[in-house]
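Each residue of the sequence shown is one higher than the last, beginning at 102 in my numbering.
In case anyone wonders, no lab produced these hints; they're calculated from the structure. These figures come from a predicted structure and were not determined experimentally. One should not assume that every hint holds.
Once the Cα atoms are required to be at most 30 Å apart in a straight line, the calculated DSS-like pairs of lysine-lysine come out as [stated by the list, open to error]: (1) Lys314 / Lys371; (2) Lys211 / Lys224; (3) Lys224 / Lys259; (4) Lys296 / Lys361; (5) Lys296 / Lys223; (6) Lys164 / Lys146; (7) Lys314 / Lys361.
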Amino acid sequence: MVKRLLYIICLVAVCAGVVWLGVFYWQNLRGIGPAIKLPAGDIVKEIEATPGPFENKTDFPLKLPDGFSIEIFAKDVPGARVMAFDPFGNMWVSRTSYGAVTMLETENGKVVRQNDIFRNLKKPHGIVFDYKFPTMLYVAEEHRISRAPTSSDSGLEKIADLPSGGGHFTRTIAFGPDDRLYVSIGSSCNVCNEKDDRRAKIFAMNRDGGDFKEFARGLRNAVFFTWSYVDGRMWATEMGRDLLGDDLPPDEINIIEEGKNYGWPNCYGKNIHDVNFDKNTYIRNPCMEPFEAGSHIDIPAHSAPLGLVFVPEEGWPEEYWYNLFVAYHGSWNRSEPTGYKVVRVKLDSRGNYLGTEDFISGWLSNGEASGRPVGLLIQPGGVMYISDDKAGVIYRARHLGS
């Protein structure tokens, strides 16, 4: 009798364990693992096989709105991430996974040679030229920010130390309208309470690294940011946490204001409390203002938004003014892949959200990804450059009326 009772208890425990594992998998782990198959073709060869800059043609892999074209600006740039132009028209590119910063020398708008100027770096990502000293290049590695004049052969001079290690190692830098240098530092984990108080934040500093101060917090992985030319506010893309299934939490586009907390790790999206992580009990929603700032725009989970740029007025159609272009790098752990495109985020002159539509798509087809857009560099005259760290190329999109 006792043996039978023990057998029944063990059987019930095993069944309960199986049910719990099934629920946990359904809620948290669906889609983990490679969701993208290898592409059937080479996107570079497909583009180069099309004579002239591509416009919309049915047999071409990438799709754009009517009135725009796209072409390969540079190829054989593996791991291309952040782009910046020097005063002489040469493009500089960070190649994070290769530890290099590369100069693409141009003549008459075409790349004629490539040269790795800085090598053996530790995951270099953000690069920016100082607008007051146009030949001074700033480079953000995982563990430091350095600078060097590109007009000489001097090496990089460190101006600031940064935390390293953990899952998010990209460090992006840019000069703001207040003449300060900003850097984003992602979290060390998917979701946790950080031990290093510098993680999951954006900081601002002087151009020599001095007066290093926190600007905003609660940003799990705000890899890219920019400023509106209308009102000077900072906008940033933000990647939400993993392990909540295919559709949660949303990735975000946020307006970043000094001193605000954007919620991670306890909150996400429009002031949603992450009860999967934060098990505390509250008498009110802990994710509401003024304690936590909600997202400005929610975008599909796992889209992995990266580069974002505001469309200038010069050379661009009036219907695009004030709008954002955003690069969706694409999902890695969703059962149905999403992203892998550049979208147009429609905004009015005050930054109010009006909708989203695809601007460049076609990198994802039949579950196969031929490319992953990363950085965006937009210019007056209707030109935008897009880096692709999967295909190892930089594209140039143009408005044909410019």
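Status of the hints after comparison with the structure:
no.: 1; hint: Lys314 / Lys371; in the structure: holds, 27 Å
no.: 2; hint: Lys211 / Lys224; in the structure: holds, 27 Å
no.: 3; hint: Lys224 / Lys259; in the structure: holds, 15 Å
no.: 4; hint: Lys296 / Lys361; in the structure: holds, 20 Å
no.: 5; hint: Lys296 / Lys223; in the structure: holds, 22 Å
no.: 6; hint: Lys164 / Lys146; in the structure: holds, 16 Å
no.: 7; hint: Lys314 / Lys361; in the structure: holds, 13 Å
Every hint, counting from the list given before, is met by this structure.
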